[in-house]
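S.K.: Letter by letter, the chains look like this.
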Amino acid sequence: MWLQCVLVAVWGSPDYLRLFKESEVMDLILTPEEEKFRDEVRAFVAENITEDIRKKTMTGFRLDKEDHESWQKKLYEKGWMAPGWPVEYGGTGWSPMQKHIFEEECAAGGAPPVIAFGVTMVAPVIMAFGSDKQKEYYLPRILKSEDWWCQGYSEPGSGSDLASLRTKAVLKGDHYIVNGQKTWTSLAQHANLMFCLVRTSDEGKRQEGISFLLVDMNQPGVTVQPIKTIDGSTEVNNVFLEDVKVPVENRVGEENKGWTYAKYLLGHERTSIAAVGRSKAQIKRLKTIASAEEHNGKALIHDQAFREKIADIEIDLLALESLVLRVLSDESAGKGPGPEASFLKIKGTEVQQGITELLIEAIGNYAHPFIPESMDKGWNEEPIGPEYASSIAPHYFNWRKASIYGGSNEIQKNIIAKAVLGF
Amino acid sequence: MSFTFTEDQKLLSESADRFVLDDYNFETRRKIIGQDGGFDRDNWKKFAELGWLALPIAEEYGGLGGSTVDTAVLLESFGRGLVVEPYQSCIVLGAELLQFAGNVEQKSQYLPSIAEGKTLLSFAHIEPTSRFNLCHIRTRAIKQGDCFIIDGEKAIVHNAETADYFILSARTEGDTNDEEGITLFLVPSSSSGIKMRSYPTIDGLRASEICFNSVKVDQQQVLGELNKAAEYIQKVVDRACVLLCAEAAGAMDTAVKLTVDYIKNREQFGQAIGSFQVLQHRAVEMLGAKDFSRALTYRAAGAIDQSNASERTRAVSAAKVEMGRSGKLIGQEGIQLHGGMGMTDDMPIGHFFKRLTMIDAIFGNVDFHKKRFAQII
Numbered sequence: 000m001w002l003q004c005v006l007v008a009v010w011g012s013p014d015y016l017r018l019f020k021e022s023e024v025m026d027l028i029l030t031p032e033e034e035k036f037r038d039e040v041r042a043f044v045a046e047n048i049t050e051d052i053r054k055k056t057m058t059g060f061r062l063d064k065e066d067h068e069s070w071q072k073k074l075y076e077k078g079w080m081a082p083g084w085p086v087e088y089g090g091t092g093w094s095p096m097q098k099h100i101f102e103e104e105c106a107a108g109g110a111p112p113v114i115a116f117g118v119t120m121v122a123p124v125i126m127a128f129g130s131d132k133q134k135e136y137y138l139p140r141i142l143k144s145e146d147w148w149c150q151g152y153s154e155p156g157s158g159s160d161l162a163s164l165r166t167k168a169v170l171k172g173d174h175y176i177v178n179g180q181k182t183w184t185s186l187a188q189h190a191n192l193m194f195c196l197v198r199t200s201d202e203g204k205r206q207e208g209i210s211f212l213l214v215d216m217n218q219p220g221v222t223v224q225p226i227k228t229i230d231g232s233t234e235v236n237n238v239f240l241e242d243v244k245v246p247v248e249n250r251v252g253e254e255n256k257g258w259t260y261a262k263y264l265l266g267h268e269r270t271s272i273a274a275v276g277r278s279k280a281q282i283k284r285l286k287t288i289a290s291a292e293e294h295n296g297k298a299l300i301h302d303q304a305f306r307e308k309i310a311d312i313e314i315d316l317l318a319l320e321s322l323v324l325r326v327l328s329d330e331s332a333g334k335g336p337g338p339e340a341s342f343l344k345i346k347g348t349e350v351q352q353g354i355t356e357l358l359i360e361a362i363g364n365y366a367h368p369f370i371p372e373s374m375d376k377g378w379n380e381e382p383i384g385p386e387y388a389s390s391i392a393p394h395y396f397n398w399r400k401a402s403i404y405g406g407s408n409e410i411q412k413n414i415i416a417k418a419v420l421g422f
Numbered sequence: 000m001s002f003t004f005t006e007d008q009k010l011l012s013e014s015a016d017r018f019v020l021d022d023y024n025f026e027t028r029r030k031i032i033g034q035d036g037g038f039d040r041d042n043w044k045k046f047a048e049l050g051w052l053a054l055p056i057a058e059e060y061g062g063l064g065g066s067t068v069d070t071a072v073l074l075e076s077f078g079r080g081l082v083v084e085p086y087q088s089c090i091v092l093g094a095e096l097l098q099f100a101g102n103v104e105q106k107s108q109y110l111p112s113i114a115e116g117k118t119l120l121s122f123a124h125i126e127p128t129s130r131f132n133l134c135h136i137r138t139r140a141i142k143q144g145d146c147f148i149i150d151g152e153k154a155i156v157h158n159a160e161t162a163d164y165f166i167l168s169a170r171t172e173g174d175t176n177d178e179e180g181i182t183l184f185l186v187p188s189s190s191s192g193i194k195m196r197s198y199p200t201i202d203g204l205r206a207s208e209i210c211f212n213s214v215k216v217d218q219q220q221v222l223g224e225l226n227k228a229a230e231y232i233q234k235v236v237d238r239a240c241v242l243l244c245a246e247a248a249g250a251m252d253t254a255v256k257l258t259v260d261y262i263k264n265r266e267q268f269g270q271a272i273g274s275f276q277v278l279q280h281r282a283v284e285m286l287g288a289k290d291f292s293r294a295l296t297y298r299a300a301g302a303i304d305q306s307n308a309s310e311r312t313r314a315v316s317a318a319k320v321e322m323g324r325s326g327k328l329i330g331q332e333g334i335q336l337h338g339g340m341g342m343t344d345d346m347p348i349g350h351f352f353k354r355l356t357m358i359d360a361i362f363g364n365v366d367f368h369k370k371r372f373a374q375i376i
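Chains Y and L are the protein sequences, given in the same order. Note that numbering that gives the first Met the number 0 has the first sequence beginning at 0, numbered continuously upward. Note that numbering that gives the first Met the number 0 has the second sequence beginning at 0, numbered continuously upward.
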């Protein structure tokens, strides 16, 4: 009910309310305990997400560092920061369904996505391969969001062919001296730490000369340069590393074994990349907008062709959710997700992109105006056209990145072809 | 119906391609977009000197009397370089509406000056709630003595801030969605009571939201018959759709070339990524999409000057649907095949993608034109 109240406050449209009820079909059958859990999460999100942050998350307006951190700190205080971690490190011990409900409720309530680089990317690697000292130092800091991590993988010459990376680390005494360039580094402007793949050997197979280092970003020789993308935003960066000193104790695991660790990372906690909860929340938003948009006095949501397009995406999303739940069950039974997890990335990003396409269709002529500043903090001029329209076209263009990043969807298909089908 | 260019069309195409190649590279375009008003007035002068502004204007008004195919040839070349000068606003919509609806005095007064590049027009028609319905007009014009008093709001008016005159649609009779009761006015942009909010569009053009607050317009400024403008508007917008498709054909051509070039040169796994068949096939799909869309566009351009209303509707809507689908495929795949580089503002491909997407989102998208086509099956 709180959600309805909020949405009425946002849209002020009784027509919307009726529609919301239509789309409130649950699809998931929950036990009474699960329902109770869902209500608890829902209430927690409602209490801890401000209207401002909720709006930014839902519309794709820019969330700043504090927006993420304040939410993550609340999660920490509640003990919910790392549902995927083993309990001894601070995990929740939730069932697969609980994890899923949690993600879904956070997304529905407009909570910013938890920044994955620390809690779901580098942390599992540290747990599995890090030294005791690394575990003791970094893991609690990740739980408390005391560090902002970024990922130093891609290089200008090494994208899909990541193993060709050339950023070099040479051991001198008790330090590595690192030189090279990383690129597409998301949110590096906020980061104080980077987990980084570097070349420590040119001998043998390329994959066997890579090490996994934890790099302090706040030191001489590290330069972060923003890259402007087609939607006008600057969330990715080039990171230049020039004679950067990394203490040898900041290497995770053994020298030249970094590729194995990176692969482990890719096979871990893959369900969040499917972003089922986020996509559900965006489909709700799409329906809201399609109810507000009228053509010849009829709401777009009542246009049969448009409804069928929404249905296509919802069906894909249900299939995706079903596979996610299977993978979560396997995970809690101790089975790794395996290469099929690549399907979660492919279908997840296809669904997300499909929704952005329908959103841009839904707003008709108001896809055209482009005021990048309107997505920044402190913008308080009147929107051009309906308020919901302004971020939609930039978001559509921005989200083309989803089928490219994290291993492009073509690379994901290569993985499945090789590892599952045996080609 | 001819499927090859005439000698004149070949010459036009060559000279316009030459202009884009020599004077309109990506960096130049970026600078032009940053200028006041969002286009280069020297280019506009050049277009006038080359006879490009006069192309579709009748000979008796200082024009060249070109066909829709002639203009399509020019716009295809413009599309190759994403030319931002207001040719669509001023010539394809503005001059054509004036030519089609205006009387002899009005045409003699304005058309020669438009052909010479001295007068700029902009079509103030779309409204905040109209989506793609051309007859959804709430703006009202009320007769008062020898004048009309106009009140209302117009949306996404391209090149409004640089226009000398608006061609404004307003309701002189009937209800919001009625076909009957719409009238066109030629309104000086300096008229009092006009409030404009201008902004960039995501594809590098300029547009405005305009409020008309008791704007007084002399009845001499009515274009064409009172209450009958829907027909003029539909006809001119149909032609504009085909010419947008022509521009898109040029944009698709460049987008495909940029992508093929990129994958031939980008090396990963020790070879050009273009050596992988999976990417070759996708590049082939892109090329095919461009070829089909372009072919259908020229067919529609050839048919539009001669057909009856239903034939015209089918030809135009088919071309716009095909363009929308092809543009989306080519834009999205162009980015995907460029990988991360395709996402950067520094690479041209994203700018082609954005323009192609926005051409779909004006005067009716794929869904709209598919429905329109389906009504005449």
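By construction, these hints were calculated from the structure, which means they are not laboratory data. All of these numbers come straight from a predicted model, not from anything done at the bench. Glycine residues also receive a C-beta, built at the ideal position from the N, C-alpha and C atoms. Any given hint could be a false lead.
Listed below are the simulated DSS-like cross-link pairs for lysine-lysine, each with C-alpha atoms no more than 27 Å apart in a straight line [what the hints assert, rightly or not]:
(1) Lys327/L / Lys412/Y
(2) Lys297/Y / Lys30/L
(3) Lys30/L / Lys227/Y
Partial selection, computed: residues in chain L whose CB lies under 8 Å from chain Y [what the hints assert, rightly or not]:
(4) Thr128
(5) Ile148
(6) Glu152
(7) Ala154
(8) Ala206
(9) Cys210
(10) Asn264
(11) Leu286
(12) Ile334
(13) Asp344
(14) Asp366
S.K.: Would you mind confirming whether the straight-line C-alpha gap from Lys297/Y to Lys30/L stays at or under 27 Å?
M.R.: Not OK: Lys297/Y and Lys30/L at ~43 Å, beyond 27 Å, violated.
S.K.: Once the shortest beta carbon distance from Ile334/L to chain Y is found, is it less than 8 Å?
M.R.: holds, 5 Å
S.K.: Against chain Y, with CB atoms and a cut of 8 Å, does the hint on Asn264/L hold up?
M.R.: violated, 12 Å
S.K.: Hint Ala206/L vs chain Y: min CB-CB distance below 8 Å?
M.R.: Holds, because the Cβ-Cβ distance from Ala206/L to chain Y comes to roughly 6 Å (cut-off 8 Å).
S.K.: For the restraint on Cys210/L, tell me whether the closest CB of chain Y is nearer than 8 Å.
M.R.: violated, 12 Å
S.K.: Go through the hint on Thr128/L and say holds or violated, using the shortest Cβ distance to chain Y against 8 Å.
M.R.: Since the shortest Cβ distance to chain Y is 7 Å, the answer is holds.
S.K.: Hint check: is the beta carbon of Glu152/L less than 8 Å from a beta carbon of chain Y?
M.R.: violated, 11 Å
S.K.: Was the hint right that Asp344/L lines chain Y, CB cutoff 8 Å?
M.R.: Since the shortest Cβ distance to chain Y is 4 Å, the answer is holds.
S.K.: What's the verdict on Lys30/L and Lys227/Y, does the C-alpha distance respect the 27 Å limit or exceed it?
M.R.: Status holds; Cα separation ~17 Å.
S.K.: Hey, does the Leu286/L contact hint survive, CB to chain Y under 8 Å?
M.R.: It is violated, given that the least Cβ distance between Leu286/L and chain Y is near 19 Å, above 8 Å.
S.K.: Given a cut of 8 Å on the nearest C-beta pair, is the interface hint for Ile148/L held or broken against chain Y?
M.R.: Not OK, violated: Ile148/L not within 8 Å of chain Y, min 26 Å.
S.K.: Should the interface hint for Ala154/L be scored as holding, given a Cβ-Cβ cut-off of 8 Å against chain Y?
M.R.: holds, 6 Å
Going down the numbered hints, you'll see the structure goes against 2, 5, 6, 9, 10, 11, while the others check out.
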